[in-house]
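> So the protein lines, in turn, are chains A and B. For the first sequence, the positions run 118 to 511 when my numbering is used. For the second sequence, the positions run 5 to 137 when my numbering is used.
Chain B residues, not near chain A, derived (Cβ > 10 angstroms throughout):
1. 64
2. 136
3. 137
Derived lysine-lysine pairs resembling DSBU-like cross-links, with alpha carbons at most 30 angstroms apart:
4. A:339 to A:371
5. A:214 to B:64
6. A:213 to B:78
7. B:78 to A:214
8. A:424 to A:412
9. B:78 to A:169
10. A:322 to B:64
11. B:64 to A:490
12. B:64 to A:169
Hint data in this document are derived by calculation from the structure and do not stem from the laboratory. Glycine included, every Cβ here is placed at the ideal spot set by N, Cα and C.
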Amino acid sequence: MYLTPEEENTLDGEYGRSLQKAIEILVALGDIYGADRLIPVKSAQIAGVSYKTIGDAGLEWISDLEGEVRIPSVLNPAGMDIARWDEMGIDPFFAKKQQEIIEAYARLGIQTKCTCTPYYLEGFDVRMDDHIAWSESSAVSYANSVIGARTNREGGPSALAAALVGKTANYGYHLDHMREPVIAVEIDCHLEGADYGALGYIAGKDIGSRVAIFHMKDIPSKDEMKSLGAAMAASGAVALYHIEGVTPEAVRNKFTRPEETITVERKQIDDVYEANKEIDSTEIITVGCPHCSPKELQEIAELVDGKKLRKEMWVCTAREVAQRHPDLVRKIEKSGAKIVCDTCMVVSPAANRYSSMTVNSGKALAYVPSMCKVAARYATIADCIKEAGVLDEN
Amino acid sequence: MRINCRTISRGVAEGEVLLTHDAISFLGNVDPETGIVVEPQHELYGQSIGGRILVFPHGKGSTVGSYVIYQLFKNNVAPAAMINLESEPIVAVGAIISGIPLVDRLEKDPFGLLKNGDRVVVNSTDAFVMIKK
Chain A
118 MYLTPEEENT LDGEYGRSLQ KAIEILVALG DIYGADRLIP VKSAQIAGVS YKTIGDAGLE
178 WISDLEGEVR IPSVLNPAGM DIARWDEMGI DPFFAKKQQE IIEAYARLGI QTKCTCTPYY
238 LEGFDVRMDD HIAWSESSAV SYANSVIGAR TNREGGPSAL AAALVGKTAN YGYHLDHMRE
298 PVIAVEIDCH LEGADYGALG YIAGKDIGSR VAIFHMKDIP SKDEMKSLGA AMAASGAVAL
358 YHIEGVTPEA VRNKFTRPEE TITVERKQID DVYEANKEID STEIITVGCP HCSPKELQEI
418 AELVDGKKLR KEMWVCTARE VAQRHPDLVR KIEKSGAKIV CDTCMVVSPA ANRYSSMTVN
478 SGKALAYVPS MCKVAARYAT IADCIKEAGV LDEN
Chain B
5 MRINCRTISR GVAEGEVLLT HDAISFLGNV DPETGIVVEP QHELYGQSIG GRILVFPHGK
65 GSTVGSYVIY QLFKNNVAPA AMINLESEPI VAVGAIISGI PLVDRLEKDP FGLLKNGDRV
125 VVNSTDAFVM IKK
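Chain B extracted, bound-state conformation:
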């Protein structure tokens, strides 16, 4: 199934979905060395976001979060791609400087459509998400 979306950071990536309803503050919530979510209050606490198609509503917190995303990328533990409901500048800038595909405003609600472990392709260069299952 192919779903249209808006391009924020260009690129193409395939991987397994990791989904959370919680917003993410990359500074503080995620360990830049391991890609593991270290905030006990977070829905993804203890899980690694490395190599996954990370689906979350939007970013929050400090703008230094952009550099944390770049650090994750340099340490090979960044998400393969990211899907937001509505992107904001911290995650957008972090994704662009790290070359991580990022899309938002899917034409169908990603939280209704996707579940953990689904195999999807994010083609943000051509503005679509493909669910392979």
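One chain only, chain A, in its complex shape:
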């Protein structure tokens, strides 16, 4: 792998031990995957935030690092809402450790916004063909597929290394030929809203870690593509997909159609909604996986307007998005639903104390049963609110 004299000096420790470790990580990954050089990246999103995941060892490693990130950098969701953890029933010891982790990242100049949707944040406006180093699987899928930017699915330390050095190794999805579809997915019916999460939940299992190209009857919205990609990254390991005539690279590149084709039928989508139907009443309803866009908050606000909900309902979003839309937050919380920031139903231990949950996300459907040991049912956003039960309408 070619290194510039400056990079060689960094690797030899001339700029301190932290930068040396950081570039050593990038070079090792580059060697493993056959990269030719390091390339500049525009922003980083760093995994390894929840205390549940990284523990004391991770906290110690981050605390031991010195220096400052060179590019706009942000964090993955944490294990709790940083401001309202007490209300969520989070253990104070866990909360203290979680705060320490976030403070350790802040000392390195990382913006302590914890979200799986960095593309909604100011300073993270990624464009087509931009190289970035992001971690969270749905954010990686959105950046690669919906925006046409370029990122591998970074681990926590490699994303942090990229943030400190401002570069990443040039391999994988940074390269043109790795972005070509190798499997086609034919959709023989019309889809809408939560259908896309259900489609991702089904298709991800067959696609695995390959690059797919979808042939659809409809043109999905960005929020629908967000749901599709998030679900495929959870039920499979899809980091990049194309939709013929829709996603930017499919429009620009005119890919040759892959030989292997799978077909998804309406019946398969409907089956996702039917699963666990025997649970006639779920304890909690959670939406916002991935974190809600302003448009999704708007839709929820309209659906709950003037209603009082019977059951616990979480609406997960990025803190910055919530702060930019105080009117929507007020409307939603007036119904009794909670706006939950910095975290979600999948990564917060607060979700584990329920026995059953209704979700409108294929990603949550894939993870909630295994990671939270909670039975999950799938529904459209409108049916999620019906499930929450309306106590009072005025």
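Chain A is already provided as a structure; the job is to place chain B on it using the hints.
Then chain B, alone, in the frame of chain A:
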């Protein structure tokens, strides 16, 4: 005998070989407090990897495994060095953040060359492994 290899994580260490043909998932297979392999299905079940030159094909499993390696290092029960057939990111990143020398792609098959208890030096800074016996 000196064998050339590829550097993944720089450093120099000497110790006794502990060899396994099984891949290792550090998260789940190894107790971070003691360095003992706790997975009953693993070839090294019940043995401590602490202070050894750990020879294994490659890592597998969760990326949290990198932090488990760091935990082993903090608890003084990490391997002195590691030799892989072909390194992958989990073990590579764990070795680098812990300062444990790691090499792969030895010019001769380590499984044919090394056996448990052999005394070897892993000099990954200069990309070679030396067998002292």
